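Chains as they are written, first to last, in the working numbering: chain A, 472 to 760; chain B, 20 to 447.
No lab work stands behind these hints: they were computed from the structure.
Since this is a predicted model, take the numbers as computed values, not measurements.
In this text, a Cβ means the ideal position worked out from N, Cα and C, and glycines have one as well.
Treat the hints with care, as some may be off.
Here's a subset of chain A near chain B, in silico, CB distances under 10 Å, partners left out [to be verified]:
{"id": "1", "residue": "Asp-473"}
{"id": "2", "residue": "Ala-474"}
{"id": "3", "residue": "Ile-478"}
{"id": "4", "residue": "Gly-630"}
{"id": "5", "residue": "Val-684"}
{"id": "6", "residue": "Thr-698"}
{"id": "7", "residue": "Val-738"}
Below 30 Å or equal to it, Euclidean Cα-Cα: the simulated BS3-like pairs (lysine-lysine) are [unchecked claim]:
{"id": "8", "chain 1": "B", "residue 1": "Lys-372", "chain 2": "B", "residue 2": "Lys-356"}
{"id": "9", "chain 1": "B", "residue 1": "Lys-356", "chain 2": "A", "residue 2": "Lys-632"}
{"id": "10", "chain 1": "A", "residue 1": "Lys-748", "chain 2": "B", "residue 2": "Lys-113"}
{"id": "11", "chain 1": "A", "residue 1": "Lys-747", "chain 2": "B", "residue 2": "Lys-356"}
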Amino acid sequence: MDAFWIILTGCLVACSCGILGCFLLLRKMTMIGDAISHAVLPGIVLAYFATHTYASLPMLIGAALFGVLVTVFIETLHKSGKLQADAAIGISYTLMFAIGVILISVFAGQVDLDQDCVLYGEIIFIPFDTFSIGGWEIPRTVILLSGVCIGVVAFIWIGYKALLVTSFDPLLAQVLGISTAFWHYALMGAVSVTTVMSFEAVGAIIVVAFLVVPAATAYLLTNQLMTMLFFSVGLGCSASVLGYYFAAALDASIAGGMATCLGLQFVFVFVWVEIKKSRQKQEALSTVE
Amino acid sequence: MEQLIDFLLFRDPNVRWVVLGVSMMCASSAIVGTFTFLRKRALIGDAISHAILPGICLAFLLTQQKASWILLIGAFISGWLGLQSIDTITRRTKLKADAALGIVLSTFYGFGIVLLTMIQNTGNAAQSGLDKFLFGKAAALVQEDVITFSVFSILLILIVGLFFSAFRMIIFDRDHAQTLGLPIRKLELLLSTLTVFAVAIGIQAVGVVLMAALLITPAAAARYWTHNLYLMLILATAFAVFSGILGTFVSYTFPHMPTGPWIVAVLSVVALLSIAFGRQKGVWMAMRLQRRNRTKMLLENILKCMYHLGEKQGDFNQVYSFKALQAHRFIEDQQLKKGVRMLVHKGWIESLKEGIRFKEEGLREGKRIVRIHRLWELYLTQHMNLPPDHVHEDAEAIEHIITPELERELERQLQHPTIDPHNSVIPR
Chain A
472 MDAFWIILTG CLVACSCGIL GCFLLLRKMT MIGDAISHAV LPGIVLAYFA THTYASLPML
532 IGAALFGVLV TVFIETLHKS GKLQADAAIG ISYTLMFAIG VILISVFAGQ VDLDQDCVLY
592 GEIIFIPFDT FSIGGWEIPR TVILLSGVCI GVVAFIWIGY KALLVTSFDP LLAQVLGIST
652 AFWHYALMGA VSVTTVMSFE AVGAIIVVAF LVVPAATAYL LTNQLMTMLF FSVGLGCSAS
712 VLGYYFAAAL DASIAGGMAT CLGLQFVFVF VWVEIKKSRQ KQEALSTVE
Chain B
20 MEQLIDFLLF RDPNVRWVVL GVSMMCASSA IVGTFTFLRK RALIGDAISH AILPGICLAF
80 LLTQQKASWI LLIGAFISGW LGLQSIDTIT RRTKLKADAA LGIVLSTFYG FGIVLLTMIQ
140 NTGNAAQSGL DKFLFGKAAA LVQEDVITFS VFSILLILIV GLFFSAFRMI IFDRDHAQTL
200 GLPIRKLELL LSTLTVFAVA IGIQAVGVVL MAALLITPAA AARYWTHNLY LMLILATAFA
260 VFSGILGTFV SYTFPHMPTG PWIVAVLSVV ALLSIAFGRQ KGVWMAMRLQ RRNRTKMLLE
320 NILKCMYHLG EKQGDFNQVY SFKALQAHRF IEDQQLKKGV RMLVHKGWIE SLKEGIRFKE
380 EGLREGKRIV RIHRLWELYL TQHMNLPPDH VHEDAEAIEH IITPELEREL ERQLQHPTID
440 PHNSVIPR
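The shape of chain B in the complex, shown without the other chains (with noise of 0.2 Å):
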């Protein structure tokens, strides 16, 4: 706990460094990433980032320094070639998107460990710590470093916000783009520029193997709570940047731990959180308006059903026994009785000792299902010629859904309708 505090008020003049690079890194990784997850092409941050590390070695070792910047030009470099080279497996032969990603990916990394391993071979005083590029090692940062990737990452922030509005219509409405004459392929190419960018910034945090999750993840988690590109950037962002530094604090706590895989295992939590929960297409919520909607069909179904047995006997304030009602219409006792306490607590129906029975709400709310059913079915077989028995079933589905705005619309487009194809009478 003291550490948490120490962490979180900087004692440590290094740590204020750290979370400002890490925060850096993460956030400009989670903005470029939303525009990748968004073209379905999360995946090409997987291979971007393996193909980085032969760039990342040959700088090393053609210039013996392990300045950031030097190092960052090495990795951009050969990222890049890396995306190229995908880009013309998948042009100019038979070889299909995901296994030339595979092909980039697993060798670009394999002559990187060749490079690496060698490096480390020759014994050079100087070369101890490139390894952490595997993993990362954010709290390792210094000043300098920190300087260094602020000003790429700002540098990236400011094109995202400068070709905004461009990015954002080749992802949405590529056709559009095209008849407006944006230069698509030359956007695309910048896109994916800034991706290589944001990963070769992005893997002194998290590390190679693991930064797809830096792309990935952030906006995957985003996505569940919000249909807006803006809120989405700002959610993806915070995500990115919360677990950023939460798995920086672990690595500080105890320096053996990696920092890369405590930051994954975080933002991984927070999506799988939010694809659980998240508002606009969660687990949860889709679960809940199912089930929703299910006791709303079996309310109305019921209230429908004790209405037609009213019409039979032309006497809408009988008692109905649950026999009766399911005589009519098949339903389960337990839904029917689940139903049914549902509706007397609502006040629409009442419960008598015999059966049940309409109060005046309930009566209201049957006729209108019906009256809805029935013009479904005459709309049906005027304006689109269906035989009358072929009518029924689909009514029954939209007679829960049809709003009053549509049924006074349909009614409008009958003329006021009285009778329906059956022959029964469309109350009102």
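The shape of chain A in the complex, shown without the other chains (with noise of 0.2 Å):
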């Protein structure tokens, strides 16, 4: 039952993250996401400190508020400081990231996440600590990540129309009254809400593996964006269920489990999507003469 909620888990966190990371791919913000999934550890680490349990509503918004904040700081460096955006990003999501392991060792002791969570997560203990549900013992992060995972759904849902536009088109979307800015801003709090979410399971690094790797590999294999989405989905659930059998045969860290199987998948598709372009060409060398 165990391997059944870790498994389960790791879908979850697949499927919100690999929503959003299609969206993130397709603005070419996927560094973006990279420093979002970093600089919520400080909120992450308050919100243990204020609440001393994970799963407190007030402070896990004010944990992904942390996550627009940092969009905002990176651009404000950028515009107003007028530093190059590569390294806006970069300064800014160390520093966040540095005040929230500082944080950890400050509180050491008084509160339980150590160094080790923040770098893979802890998705082996998830099925300990369940919630009684009609007689069903079912873990509480499994719930709370069904929950983030519905509400992305349906911020995807109701926005896909904006988000397309404001992702392929900014300027039509300026024509049609529709706020580039607010849709930005929607779609960074959702990626921080997930990540903050996710972080349990696999860690403030690892997630970025979930959020960037399915969505390239979908994006290789069709043009459509909601075949994407599915192929998006499909392969990090997939992902979830080999890597960890993999990590369980090598005992090692689940969370790192899945995250090499998604980049053995990059790797599949990379190399059969090469086979496929060079015998093409062969073809169409061959039509010639």
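Assemble the dimeric complex from its two separately framed chains, guided by the hints.
Shown next as structure tokens:
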């Protein structure tokens, strides 16, 4: 049963991250996603310290605010401070992450949160903290992540058109009266909430693998946004299953195993696309001859 | 305080090695980082540093040793592989650079975590301390490590020194480098390889996760103080070494504190202060310059307005009330009062009960502004073929900027004119 809950947790993270990741990728904001996932750390630590539990909603929102804050910070450094964009991202998130780690060290002993959790999550402990619904013992994290997943799907459902237009054609969006800024920050907020919620399962860094890799792999396979979203989620979920057994076989971190499988999927698809491309080239050459 | 003195005087012989080692690491990252920063490829360092983790673990798994040079070789190989993967992905697929960075960063790191936890779970006693690579533990450096790192750092600095002018050229003027026949691709590969090297060394100080800061932040901070590449390198190195030593001190005083985050925190404070107060394009300097320009424009507009009124009456010695000035050109009450106060203080005008009146200096200045304005209008109509009713706006802006040299040049090119396109006299 434990294996089931762990894999389910992985799949839920894969769903929400896979969907949001597609939009980050298309907006060329992958590294901002990376920055957000690192930058929510101080928020999470403070939340732990204040409530001693992970699941209090107000503190969760507070932690998610840190994610939006860092995007504002990056933009301020870039626009007002005239710092080049990549350096602005680099400086902002390393500072926030450093503060987070320092806070963990300061509160060490008072908070049930250690550096390992930051680095690769504690997905293995998730089945032990359960919540009983109608006689079923369901892990608390699974319930929370299901909520996030439903929220993300709803967000994309409602905002699909607007996100599509603002991602591909900001000028058209302006003409249609769709606020680019609003959807930008809404997406950033969604990414923040998702990374905060995924933190316990996979940690602050491996969540980037779920945000970026399945979306990128799907992008190599299709040009259709809808298809890309489904591929991305499917790839993420299958990597969660494979990653679990891979890690179990090696007696290693499960989150790390899932990330490794995501990487392998990408390599396979990349090689496959390359082979297909060279075959097409040969065919084209032979018809010319 | 006592601890600080102890630390600074190297009373603990270990401290000497630690400080030397950290300084070397920080210096080499800052130097290489300056080049990556200027090439606008700052985040490459972030991806490389995460990509190094599996190399360190594999090197340990294969040799069962923790000697720093073995781990360094492993780190270098996997960092280099990561770099090549990024390059391959961006060249061969439709994915953009940022996605390539994200893919390499997260999957290499994930694989590294698999290996690391695998090693930890085997219960091998020799592995303890391997996880220090994640956040850095400079305070635990021993003499042997420091010697290894110093050798590599010095090597790295020497190579940078040797190829300095070539690197400078491919950063600032790639086309020129190409025409000179420099092997650009090879040089760029060398620079990237050096970056991998610097990251592999620097990781000991700040760890995998925060290594990006050691590359980016010193260079970004230095950029706000100078335009000169030499000075920028020196400043970046100084910032990095200062932060490195301070961070190490904190970790030395409170042993449960990780070194990396403290170094990064100090470094970030230095960078934020530089962005705010830097001499070159710092926010505060820019604001001050803007304010000064705005004041200059206000004063010049008031003088110009007085001159126009005087010109109409044919008498520049009159007294003008604020109302009369505002009727000619609207300036807000508060602004006008402020401007007049400053002009009086300068001794350019005098303030009487009924209003204000030119003094000699002020009249000369007012005349100068009007002259430039009209010269520029004439220049635009004669040399740019603009119709006379289109030139006023432009002249309004330029009159505050033109220097005496430009003014003389304008007069020369227009052959010392007397009348502007609107038939007003150009005063002299």
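Results of checking the hints against the structure:
no., hint, result
1, Asp-473, "violated (17 Å)"
2, Ala-474, "violated (17 Å)"
3, Ile-478, "violated (17 Å)"
4, Gly-630, "violated (22 Å)"
5, Val-684, "holds (5 Å)"
6, Thr-698, "violated (15 Å)"
7, Val-738, "holds (9 Å)"
8, B:Lys-372 to B:Lys-356, "holds (14 Å)"
9, B:Lys-356 to A:Lys-632, "violated (54 Å)"
10, A:Lys-748 to B:Lys-113, "holds (13 Å)"
11, A:Lys-747 to B:Lys-356, "violated (76 Å)"
Going through the hint list in order, the structure does not satisfy hints 1, 2, 3, 4, 6, 9 and 11.
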